[in-house]
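K.L.:
Chain by chain, the residues run as shown.
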Amino acid sequence: MKTIIEIKDLKREFLVGEEVVKALRSISFSIEEGEFVTIMGASGSGKSTLLNILGCLDTPTEGEYLLDGMSARKMTKNERARFRNKKIGFVFQSYNLLPRTTALENVELPLLYNPDINGKQRRLKAMQALNAVSLSDRIHHTPNQLSGGQQQRVAIARALVNDPVLILADEATGNLDTRTSYELMALFQQLNEEGKTIVFVTHEPDIAGFSKRNIVLKDGKVIKDTLVARPASALEALSSLPVNEEE
Amino acid sequence: MQVKNLIKIAFKAIGTNKLRSFLTMLGIIIGVASVIAMLAIGQGSSQSITSGISDMGSNMMIIMPGSENFRGLRMGPSNIQSLTVKDYKDLKDKATYLSAVSPVTNGGGQAIYGSNNWPVSILGANTDILSIRKYKIKSGDMFTERDVIASAKVCVIGKTIVDNLFVNGEDPIGKTVRFNKIPFKVIGVLTTKGENTMGQDQDDVIISPYTTVQKRITANTYLQSIFASAVSENMSDKAAEEITAILRQNHKIKAGDEDDFSVRSQQELIKTLSSTSQILTVLLAIIAGISLLVGGIGIMNIMYVSVTERTREIGLRIAVGAQTNNVLYQFLFESVLLSFTGGLIGITLGVATSFIIKSILQWPITVSTYSILLSFAVCTFTGIFFGWYPARKASRLDPIEALRYE
Ligand SMILES: Nc1ncnc2c1ncn2[C@@H]1O[C@H](COP(=O)(O)OP(=O)(O)OP(=O)(O)O)[C@@H](O)[C@H]1O
Ligand SMILES: [Mg+2]
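Protein chains in written order, with numbering that gives the first Met the number 0: chain S, 0 to 246; chain D, 0 to 405.
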């Protein structure tokens, strides 16, 4: 198996006024291609900070981060932008959709910055991605015409549209009811089976049960890193939910 | 990123904020419209001055008695009796750069025909005066060289005189008009010339042989001035030098002493007048330029607000892979689009205003292509110049900070 993420002694500190906030204190681990990892931990433990660094959105204060064998620190700003554009799909904790812009256009956004893709392909890929999150009937709705869960799914479609090797999701099920979040987990499991590496930040232990590996952070340190013996199937969990739960 | 996408994004951004975009453009619109209209007015007036003078005879030269003082003002020329008939004859015989020369002596008074009278000054000249002043005979004839020699009491008159003396519409030719009690036979009528640039009625004129005017009206032998035509406009300076040389010799003026006469060419007048109107044009252009600058600052201001307002959007674009230049060009293009559209509306408005002024106020107006091209260039430049800084700011945002921006 190929190692896709490798971090060594990663540190991230923020300067707030005079005070130094240590969000990550010396973290090391590696993730192989095809893994489905969940990252858990209390609020403020550094999950989002870690994910931002993994997604090349942020750079560590200290330590090494090798992405696909390349040092993220040595990449230029534009090289990192290209990496994000082609290899990474990022689902933000707060969906970050463009206001007054339709779901379709929101999903098309990353492809707009990919010179290899023309307008026709862009539309087609965006439709496919929206189809994958079961939103084909809402493509011309703007974010304020969509429910929270639907907005979350548009954000996921946007992360899938560039066919990334690595999907990073920050509390992608945070605002969803059980049924919808299980549906999403089924989607992620399917994507994982298709070969995509997934790093998924969550609060909920039952969500973590759908992944293959579980990393727990506390105060910016890894306190637990375990393989899940028998990952649950989201599809099965979905079918065992009481049908009239919503009513 | 393809230019097509860039254009799409910029149009969308401007479209979502229609009113604000329009208000931003207003500065540019007003600036450009005033540049166009003001240059049109300035150029129109300068052209009409020049053509007005050419109408009077652009190669005309006037020789006046008395020298100019240091302010270029004449010191009581009518009191100085330095120009004589001999001067005129010498100029006619010796000057090579002059195609026509006429002595001029004016006599003020009343012209009377029947019960109508009209205050006018009679212009005594020779036959050349027609070609010098660009007058033409409409009906009848001009007096001849013989009439001049014989001091014949004949005259040709302009339309204003005809209108005021021959009120019943009778044919003036052959009639006798009394000027200061002296009877003059009308032998010709001049074609209408209208007002000159200075607003003088050029048709309010009676022309007679200068010999007659000298003998019967002014009763002296001096000339008030000598009118002449240079062989061509370009020869005006040469002609002036020649006239000066001949007259200095005639008047026995020693080298180093001041002339006791002055020579003025229309060319000189054109230069003076058009330089005045050029200064005016420049002033107008500066005012208009300042308003363009203000418009540009307006664009910069709005682009700044826009960049700040859309910090999250920019953060997201960068996060999903927009390169520095993608963001830079997006905002640069947006500001150029604003200023360019503003310029387009401004030009339309400016040209329209020019034509409205032209048709309502009857001002002479010339809209030149160069002022339109200039406006376009300035607008594009304004957009790039004032859009650059905000755009650069946007392109350098850190994605995480931008996404966290409230
Ligand atoms: N830009 C920043 N400036 C200053 N401090 C920051 C910044 N980003 C994160 N922090 C701090 O780093 C720590 C970790 O934050 P992080 O957002 O990674 O937490 P989290 O685990 O994602 O929490 P949650 O579950 O609430 O999303 C927190 O103490 C936070 O205050
Ligand atoms: Mg977080």
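These aren't lab readings, by the way, just hints derived from the structure by calculation. Some clues are possibly wrong.
Derived BS3-like pairs: lysine-lysine, alpha-carbon spacing no greater than 27 Å straight-line [as the list claims (entries may be wrong)]:
no. : chain 1 : residue 1 : chain 2 : residue 2
1   : D       : 253       : D       : 237
2   : S       : 7         : S       : 223
3   : D       : 7         : S       : 124
4   : D       : 7         : S       : 85
5   : S       : 124       : D       : 3
6   : D       : 11        : S       : 124
7   : D       : 174       : S       : 86
8   : D       : 152       : S       : 86
9   : S       : 1         : S       : 223
10  : S       : 85        : D       : 184
11  : D       : 214       : D       : 237
12  : S       : 211       : S       : 1
13  : S       : 223       : S       : 85
14  : S       : 195       : S       : 7
15  : S       : 85        : S       : 119
16  : D       : 7         : S       : 119
DEER-style ranges, computed between Cβ atoms [said to hold, decoys possible]:
no. : chain 1 : residue 1 : chain 2 : residue 2 : range
17  : D       : 405       : S       : 117       : 35 to 41 Å
18  : D       : 25        : S       : 164       : 26 to 32 Å
19  : S       : 147       : D       : 292       : 46 to 52 Å
20  : D       : 22        : S       : 218       : 47 to 53 Å
21  : D       : 405       : S       : 202       : 21 to 27 Å
22  : S       : 17        : D       : 14        : 44 to 50 Å
23  : S       : 135       : D       : 405       : 29 to 35 Å
24  : S       : 130       : D       : 380       : 46 to 52 Å
25  : S       : 16        : D       : 25        : 50 to 56 Å
26  : S       : 27        : D       : 25        : 58 to 64 Å
27  : S       : 130       : D       : 296       : 45 to 51 Å
28  : S       : 28        : D       : 25        : 44 to 50 Å
29  : S       : 122       : D       : 380       : 33 to 39 Å
30  : D       : 14        : S       : 77        : 28 to 34 Å
Just so it is clear, CB atoms sit at the ideal spot from N, CA and C, and this is done for glycine as well.
K.L.:
Please list, smallest to largest, the hint numbers that this structure does not respect.
P.N.:
7, 8, 10, 11, 13, 18, 25 and 28
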